[in-house]
Amino acid sequence: MDFQLTEEHRMVQSMVREFASKEILPVAAELDHTETFPQEIIKKAAALGLMGMVVPERYGGAGMDAIAYVVAHEELARASAGVQTIITVSNSLVADPILRYGTQAQRQRYLPGLCDGTRLGCYCLTEPSAGSDAMSLSTTARRDGDEWVLRGTKAFVSSGVEADTCIVYARTGQEGARGISAFIVEKSFPGIAVGKIEKKLGIKCSSTSEIVLDDCRVPADNVLGDLGAGGKIALSTLDGGRLGIAAQAIGIARAALEDSIAYASERQQFGRPIAEFQAIQWMLADMATRIEASRLLAYRAAYLRQQGQRYTKEASMAKLFASETAMWASHKAVQIHGGYGYIQDYAVERYFRDAKITEIYEGTSEIQRLVIARNVMERVQ
Amino acid sequence: MNIVVCVKQVPDTEAPIRIKPDGSGIDEMGLNLVMNYYDEHATEAGLRLKEQFGGTVTLIAAGPERTKEALRTGLAMGADEAMLITGPGLEQSDHLGMARVLAAAIKALPHDLVICGKLSTDDNASIVGPALAELLGLPQATAIAHLEVDASATTALVHREVEGGVEILEVPLPALLTVERSLNEPRYPSLPGIMKAKRKEIKTSTSTDQKVAASSRLTKLVPPPKRQAGRVIEADADKAVAEIVAFLKNDAKVL
Amino acid sequence: MANDVWVVVEHESGQPKKISLELLGRAGQLALALGGKAVAFVPGRDVSAVARALGPYGADIVYTAQDPLLEPYTADAQTQVVGEALRKEQPTLVLIGSTAQGRDYAPRLAARLGAAIVTDCASLEVDNSSLVATRPMYTRKAIGTVMYASEGIRIAVVLPAVYPVPQADPKRTAEVRAMRIPLDAKQIRTKVHEVQAIKRETVPLTEADVIVSGGRGLRGPENFALLDALAKALGAAVGSSRPPVDSGWVPHDYEIGQTGKTVSPQVYLACGISGAPQHLAGMSGSKHIVAINKDPNAPIFQLADLGIVGDLFEILPKLTEAVKKAKGGNRD
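One line per chain: the protein sequences are A, B and C, in this order.
Each residue of the first sequence is one higher than the one before, starting from 1 at the first, in our numbering.
Each residue of the second sequence is one higher than the one before, starting from 382 at the first, in our numbering.
Each residue of the third sequence is one higher than the one before, starting from 637 at the first, in our numbering.
Simulated from the structure, these hints should not be mistaken for laboratory data.
On a predicted model such as this, the values are computed, not experimentally measured, just so you know.
Every clue listed holds true.
Examples of chain B residues lying across from chain A (beta carbon under 7 Å, computed): (1) E450; (2) Y569; (3) P570; (4) S571; (5) L572; (6) P573; (7) I575; (8) M576; (9) K579.
Here are some chain A residues the structure puts well away from chain C; computed CB gaps all over 10 Å: (10) E18; (11) E23; (12) V27; (13) T118; (14) T140; (15) R142; (16) A193; (17) F270; (18) W282; (19) A288; (20) R300; (21) G308; (22) N375.
Where is the CB? At the ideal position from N, CA and C, for every residue including glycine.
Isolated chain A, as found in the complex:
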């Protein structure tokens, strides 16, 4: 057993940390307050290989492993959870399934662009009345000659406004998971449009919108994987996605801890820094401990993935524990900051707002517990 990051992982960590602290952190608050999509940052991230981290070099990616991915995304989210969302969605929910389930032609058509930043991906699974019960989705796809015609509305699509390459799940057959197929839909195809743009609590620089498919015509070649395999693709893609969210949550929690340590060391009350009070120290200690535990869970899930082993349960555990840690730690960070934590001059109010989404998207905490429970009970039976 070796708990060391490799030299390559450490290089990734230090590069992304520097990139995030120089290019993202200084503008993170402003991006959040003005709800601005960070076009320039995404371009720079792509130039560094961050938009195709695990895609092999032959498709224009960086060819890195899953641990490197988790390491990098913690650093990105440490600076801005909103920016990290945009990057992880395009990487783990779009490039990754195209790599794993796409035909050679699909990989060649989409992966280089996703990696070099000329394309941006979004993931269209959730519908207004199909959230946690995703497999009950009602968007339909009907065959018409060489094309499929998609009809329905997708909800809560991250990067829905700016993305041009969408993975859309639609019903091609019976009810339930087996009747679902996945499609690669370009925004330039006729019949796809951005619907309502949501106003959110957090991760405000990433857009969230409806995607409306009004008899959207998709070439038959753009079916991703087998017909009827959509349910399986959706779920296995989310395993990878959950690693990204775990990393995001760890980044937010670490930001909360680091800011709290800095503040508590500077803030004087009763004639000394508040960091000298045990009430504060205990919070800091618990934050640090939970963050470390989250990180170990995430690294281990990533390790299993790169060993080619099943990691559904571990990905859910990492996502569950890390997201609840992020929420808890940012809550404590606001408390440590007192009144200053409640105003926008300090960043902890942003962490607090950003943290909440990690308990919701790509499977709520309740869904993660369900997944974990199913997996552990399976073993007993």
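Based on the hints, put chains B and C in the right spot on chain A.
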């Protein structure tokens, strides 16, 4: 153009350091060691000249085995080759000794330009660059903030910050330059660059320099004296001005 | 001679620079401890006026080395001339100011002579006949004590403003000796096109007794005018922390801190500077620190002698007026 860039591995300046209880040095346990950031600027300068004139950028470092990580950072930025000189005497060596070891290695390499950071953020000595220029018999320009090499690659025109002004200096190649932070903005090592760097071999050689006996040595390291916080007052402008003027008069005695 | 302490003098417009006088003062004390003389070495085109000025500040002997090729300064010419002089006279210790010139040629000189060199010296003492220097290291997170080996010529590159300029004694004179050191134009490989003076109405940072410095709290380049006005009134220099430099409000040569200059003035007035470690590395050696910041939690208040929690946009103009009044004294 054959460009040699000297690199040192130093503790990350963002992080605090721990001084050993006996004051003999710093505790390296758990220390994040990185490429000296002035050397990142030196590497960037080399890479830009290579992009302009062709040729190679070779990184060179003298130090313990772990220095390879700093070299790999430079390779990930885009340098072509890297070499490390190790040797049992290096630890005891002073800056002139280090310059001698580097000079011996660089003499064996084709070099139109040797580029160093203006200082390293551990010792803050800024000795190795100019000393290396002397030992290699090269003209020098130190702490440069601007660099242009003419089209025929025979001279460099540099700007150096001097007290109250900027010196514009012409240096014939081959030459040694040390670079200031404002010279350029170093590129980040890209992820594909990191993968490529991983596959590159770092040539290691052992220094046989016998004259490593240091002419100066560090005998003690202590934390800087801690300043006591003085009075902090919340004040409107008039009261603030009165306080400051009184301080300048009575305490600092500059008014 | 073997126990002499030399100062290589920098000068401008016929006057020795402040740093050289500071070093001369220290050289006198060290020479006394080492049983030698304080010797000033003045290279330049025509240095007679400079040479005459040094006796009152403590030089026992002044050597001049005059050659038109020595101006403007180049590392090649300076190393050649200082190197030859040292070879000939073999002093035990040579003090060189930590200036753009000193930092440029001193290591080259050391390499040429095989002399021990310590840079950034913040103190220099004779301790039991051995020579010991202290110097900031690790971007000022530590202070190192360095001991010179006892053999041969030793070079110390000393920080400005660590030793006071000695009180001039107009009655004191030094013997001035001209040294002839051959210098060939061919030995000078670099060519100085020009030295562009940066036109400022304020004093250079490294020579100022008072520094007025601005940070992110100034909000924009136009507000540095507030600092300029105050600096002019105080006879101070203007500096900045890193954010204004990174934002392009002021040029890089304003920067004080880990990636900029290290200063130690009598008074450092920090305006709208939070006090990040990177900045403190460059100014925590100041004798007196005054800070103005609107954030009561700004770390700068942890080391300021006087901290003002307030609005610098209101305070600075009024302070400038008050300083003018105080300086103007009765003339107003």
